[in-house]
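Here is how the chains run, residue by residue.
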Amino acid sequence: GESVGLHLPTLSVQEGDNSIINCAYSNSASDYFIWYKQESGKGPQFIIDIRSNMDKRQGQRVTVLLNKTVKHLSLQIAATQPGDSAVYFCAENPPNTGGFKTIFGAGTRLFVKA
Amino acid sequence: DTGVSQDPRHKITKRGQNVTFRCDPISEHNRLYWYRQTLGQGPEFLTYFQNEAQLEKSRLLSDRFSAERPKGSFSTLEIQRTEQGDSAMYLCAGGRNQETQYFGPGTRLLVL
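Line order of the protein sequences matches chains A and B.
Quick note, the first sequence lines up with residues 1413 to 1526 if you use the working numbering.
Quick note, the second sequence lines up with residues 86 to 197 if you use the working numbering.
Some clues are possibly wrong.
[What the hints assert, rightly or not] Below, computed lysine-lysine pairings styled on DSBU-like, alpha-carbon distance capped at 35 angstroms:
id: 1; chain 1: A; residue 1: K1483; chain 2: A; residue 2: K1525
id: 2; chain 1: B; residue 1: K142; chain 2: A; residue 2: K1483
id: 3; chain 1: A; residue 1: K1468; chain 2: B; residue 2: K142
id: 4; chain 1: A; residue 1: K1454; chain 2: B; residue 2: K96
id: 5; chain 1: A; residue 1: K1513; chain 2: B; residue 2: K96
id: 6; chain 1: B; residue 1: K156; chain 2: B; residue 2: K96
id: 7; chain 1: A; residue 1: K1480; chain 2: B; residue 2: K96
id: 8; chain 1: A; residue 1: K1483; chain 2: A; residue 2: K1454
id: 9; chain 1: A; residue 1: K1525; chain 2: B; residue 2: K99
id: 10; chain 1: B; residue 1: K99; chain 2: A; residue 2: K1480
id: 11; chain 1: A; residue 1: K1525; chain 2: B; residue 2: K142
id: 12; chain 1: A; residue 1: K1483; chain 2: B; residue 2: K156
Derived from the structure by calculation, the hints contain no laboratory data.
These numbers were taken from a predicted model, which means no experiment stands behind them.
Okay, chain B solo, but in the shape it has when bound (with noise of 0.2 angstroms):
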């Protein structure tokens, strides 16, 4: 156990609704990621924060898709009008030095 929880951990949302996804690393965790991952795939780098600064926001991370972390402890990841292409797992992972990255047990969402 990581110690990174998410919540919720599936969601089944119709095309066009918004939805919200929540990640709490342990409180040491001061760099927080946020990933991808599609069926038989590798997770794809979406996001990262450092503290409550977001450093770095990948080409996959469209208009729709927002992060924050407000007070440098848990962050949200919405995703605006969903699309059915938006179907994966969302993965957050926290971390205390530059390289290692613990990860939560994701958030599996399908979009009808």
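One chain only, chain A, in its complex shape (with noise of 0.2 angstroms):
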């Protein structure tokens, strides 16, 4: 079935770095992508969204960039700070499903390092 996956399962960057976080998706017709944060002990915070129709999105001190060609994922965190350490999640909304069967890859861990 389809899956969101991510390369690396851990990351580790020093403060004021740039972070970047991978993920594949397989389902290339998915249209809606999502990145989520998730700090110990809480629930998966929405950080920046896409969709197939657009290759990048800004937001603060965030992008998210997509390639379709190869099914490829990416968040970029700028002048990564110690509060940025959480368990990011990419994932994907496949069609046909109404927007509401969002599929999760496994997670990257972020470590900043002070």
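With the hints as a guide, dock the two chains, each given alone in a separate frame, to form the complex.
Here you go:
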């Protein structure tokens, strides 16, 4: 079945550096993608989303890039801060599911070193 | 803070017991979702409500699981005859539009 996965389970970066978290998806027809941040003991928190008709979307310190050719999604965090330490999930909405069958990947844990 | 609350935050129970969890989204959330999350994994979709109607259920939701949203506001998830494999975090999310979901803090269940 369809799955959303991540290339690396953990990522360690120095405070102030930029972070890049990668994700691969398998359903080429998925039309909506979301990045979530989950801190310990909390539910996932929406960070940024992108539709399949876009290649790039920017938010505050975060950028999501979508490469439909290779079915790859990435989250870039600029000037990473200790508060960015968390598990990051990419998620996709497959087509013909009414937008409610979001499929999450396994997550990447980001460690920010001071 | 998403405004979505869940109760209880933690639940320890013995195998075979029934448990019930509650989710309170904000009033604007006509959509409500339940997910299950095990350690080191992403959330897995369980079920979805549009107002009070339960429109979709995952195959993960066995007949021991039941969810309700009687008035289109709060929702409950009940697990009957709990098994050790039910131990997980149970997440609720609310939403207004088609995609964006706002998660609550979850209920962590431990079945002994």
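Hints violated by the structure (listed by number, smallest first): 7, 9, 10, 11, 12
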